[in-house]
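A.B. asks: Below, each chain spelled out in residue letters.
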Amino acid sequence: MAETLSMQAAINTALDEILTADDRALVFGEDVGTLGGVFRVTDGLAAKHGSDRVFDTPLAESAIIGMSIGLAIHGFRPIPEIQFDGFAYPAMNQLITQLARMTYRSRGALPMPVTLRLPSFGGIRAPEHHGESLEAIFAHVPGLKVAVPSNPSDAYSLLKQCVADPDPVIFMEPKSRYWHKAEFGQPAEAAARIEAELPIGVSRVVRPGRHVTLVAWGAMVARCIQVAELAAEDGVDVEVLDLRWLKPLDVAGISASVGHTRRAVVVHEAPLSAGLGAEISALITENCFDSLRAPVQRVAGFDVAYPAGPLEDHYIPSVDRILAAVQRTLEYRRG
Amino acid sequence: MKTDDDTARRLYRLMVTTRALDAEATVMQRQGIIPGYAPLKGQEAAQIGSGAALDLARDFAFPTYREMGVAVAMGVDLIGYFASHHGSWHGGLYDPLASRFAPINAVVAGSVLHAMGWAKGEKLSHGTGVSLAYFGDGASSQGDVHEAMNFAGVDDLPVIFFCQNNGWAISLPTERQVAGGSVAARAAGYGLAAEVIDGNDVVEVFEATNRALQRARSGGGATVIEAMTYRVGPHSTSDDPGRYRSIGEEQSWALLDPIDRLAQQLRAAGADDAFFESARTDARETVETVRTGLVDMTDRPLTELFDFVFTNPTPRLLEQRDAYLSNAYLSNEYASEATHG
Ligand SMILES: Cc1ncc(C[n+]2csc(CCOP(=O)(O)OP(=O)(O)O)c2C)c(N)n1
Ligand SMILES: [Mg+2]
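Each protein sequence line maps, in turn, to chains E and F.
In terms of the numbering used here, the first sequence has 259 at position 259, counting the first letter as 1, and numbering is strictly consecutive.
Each number in the numbering used here corresponds to the 1-based position in the second sequence with 1000 added.
Honestly, I wouldn't trust all of these hints.
To be clear about the criterion: a stretch of chain F counts as covered by chain E if any three or more of its residues have a C-beta under 8 angstroms from a C-beta of chain E, and this derived list gives those stretches [as the list claims (entries may be wrong)]: (1) 1222–1234; (2) 1268–1280.
Covered by chain F, per the in silico footprint, the following chain E stretches (three or more residues, Cβ under 8 angstroms) [what the hints assert, rightly or not]: (3) 62–70; (4) 114–126; (5) 132–146; (6) 222–228.
No wet-lab data here; the hints were simulated from the structure.
Just so you know, these numbers come straight off a predicted model, no measurement behind them.
All residues carry an ideal CB built from backbone N, CA and C; glycine is no exception.
All chains should be built: construct the whole structure from the sequences, respecting the hints.
C.D. replies: Set out below in structure tokens:
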């Protein structure tokens, strides 16, 4: 019988198993040791695996990433955490000019199997810089991969895939989903199953439908499922595609879904302009132009700094805004 | 001198080779064989003295873009080293793992944290190796250097922060760059050992580096070494130092030339003309080999534009590669590469 587990617990389980299986794996960052992380994602890992494997660093993000690079050159498999999305900015130089390029610069001699765990996105009424969506920035950088789980089972198996991959991956954890429980099979079996079905870069149709595809990731997946349920009441059959990987992007999966629904809405929390919605929309146009019944719609955060308090409810794509976009694709008539 | 005569002679030979290669690099730039170069003339002692102290079986060096002398001292494949200046491959074509010499890094202070991280790895592995981070007086202003020193202090890491204070960061003199008196003075704030040394005295550099290595190997943690030296030449082959410093200043450093100084000591200790002649001959041979290697160096195969972005490449990158390599407007050579490679 499958038990239910939160994403926080699922990631914790994955890290525990990774540390047990691979003695070159290291977990470190600000407050991840004794405290177990501000979201308790690394709870108990230092006690179990020791302070050589799971350790607190001083408070400097650039150094956390720079240290990861040196550790990788030494042969370790670093799994650093940066405490919140907005504090990846101080590490950007090391992430972009160093981590992302070391494999290229060294012509493959220095692989960088670094998985950066980054609690990300908004929706928890957090202070400034604790609700940012940096995926388009990361996905734009040659040499980086980006994964985003939307549910506990995926968080578990995606994290294992990221750590096993020889390249640097930014693993963006949707913090508003940390405490949502969902069905979770026997961990190791679940991972094997998901990995067999969904290799790196493969998306998943989490709700099949016939009329329009909602393309989403992270916390927006659950919201899109809500939208689909509401639309179903009006007889609109919405397909929800959970991308899971933002680099590599699942071009085939997106094309297959939109190819049969013939309409698409891309939903993301990051600001609209130059967001990944633009990239995905362009891909759909390139690959599905002849099947499209309507221009691809985007529902995204506004082009503003991430706002405070209740304003975030207006900033983050709401059910209503997504429904309206669905409607636009259905009502569209060629001019 | 405490350093034995054989070692001093070895250091001398390495400095002479470095000086000759450095001069030749500027010549090659003028002749269009390489597009650019960052001369190190005047800094041979700082580079050879530190690089030659490292144990290639266990230590690891993290260079900037001006550490050709360290590459000579560590026996790095020099044609592969110059491939970076040749414009063949950013970072060079040598094997960084086998050479114990990280890829050339063009981001000022970019690799200092990597040396700290490598040292963390060495400590976790209970090894006795030490990493050595090269950086300049200008780089010392970067936050990454301070973060690295602090992390190293907190964890007692086996790393040497080796600052070549060559007086200038392009056009900015040290007094406009470094507050608090010196780069070495900062070590106190992080609880690290520190030494300010005469960076133009190769034996002093060699011995100071050995002391720092010994300290790190025996669990004594990190050391900041500030080697006071001077960049006699321009910042790079496209720089014009006349715009920011006087000929007089440049000439005053000529009196402190590290190679002349060691030559005098060696002569006093009994080195004869034959020794100096053989050092020059060896240097000429290395210069010839490197020059020939660079003249003959061909462009990298076009596939390499795409090959090393990832260890496990994304499908879209492979698609971009295959589509581009099979383009009709590329020469046949590349089109056939696409089908074969
Ligand atoms: C982060 C960064 N900023 C600016 C530059 C441009 N730049 C290259 S070398 C240099 C001066 C560096 O001086 P220093 O650290 O003293 O080293 P030196 O060139 O004297 O060896 C500058 C400003 C750079 N490469 N990286
Ligand atoms: Mg300088």
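A.B. asks: Check, residue by residue, whether the segment 222–228 of chain E contains three or more positions whose beta-carbon lies closer than 8 angstroms to a beta-carbon of chain F, and give the verdict.
C.D. replies: Contact hint for the segment 222–228 of chain E vs chain F: violated, 0 residues under 8 angstroms.
A.B. asks: Is the listed coverage of the segment 62–70 of chain E by chain F valid when you require three or more residues with a beta carbon under 8 angstroms from a beta carbon of that chain?
C.D. replies: Per the Cβ count (8), the hint holds.
A.B. asks: Counting residues of the segment 1268–1280 of chain F that have a beta-carbon nearer than 8 angstroms to any beta-carbon of chain E, does the count reach 3?
C.D. replies: With 0 residues in contact (Cβ-Cβ under 8 angstroms with chain E), the coverage given for the segment 1268–1280 of chain F is violated.
A.B. asks: Count the residues of the segment 132–146 of chain E whose CB lies closer than 8 angstroms to any CB of chain F, then report whether that count reaches three.
C.D. replies: Holds, because 3 residues of the segment 132–146 of chain E bring their Cβ atoms closer than 8 angstroms to Cβ atoms of chain F.
A.B. asks: So is the segment 114–126 of chain E in contact with chain F by the C-beta rule, three or more residues under 8 angstroms, or is the coverage claim wrong?
C.D. replies: violated (count 0)
A.B. asks: Establish whether the coverage given for the segment 1222–1234 of chain F by chain E is satisfied; the threshold is a Cβ-Cβ distance below 8 angstroms, and no fewer than three residues must meet it.
C.D. replies: That given contact is violated, which follows from only 0 residues of the segment 1222–1234 of chain F lying within Cβ reach (below 8 angstroms) of chain E.
Violated hints, in rising order: 1, 2, 4 and 6; the structure is consistent with all others.
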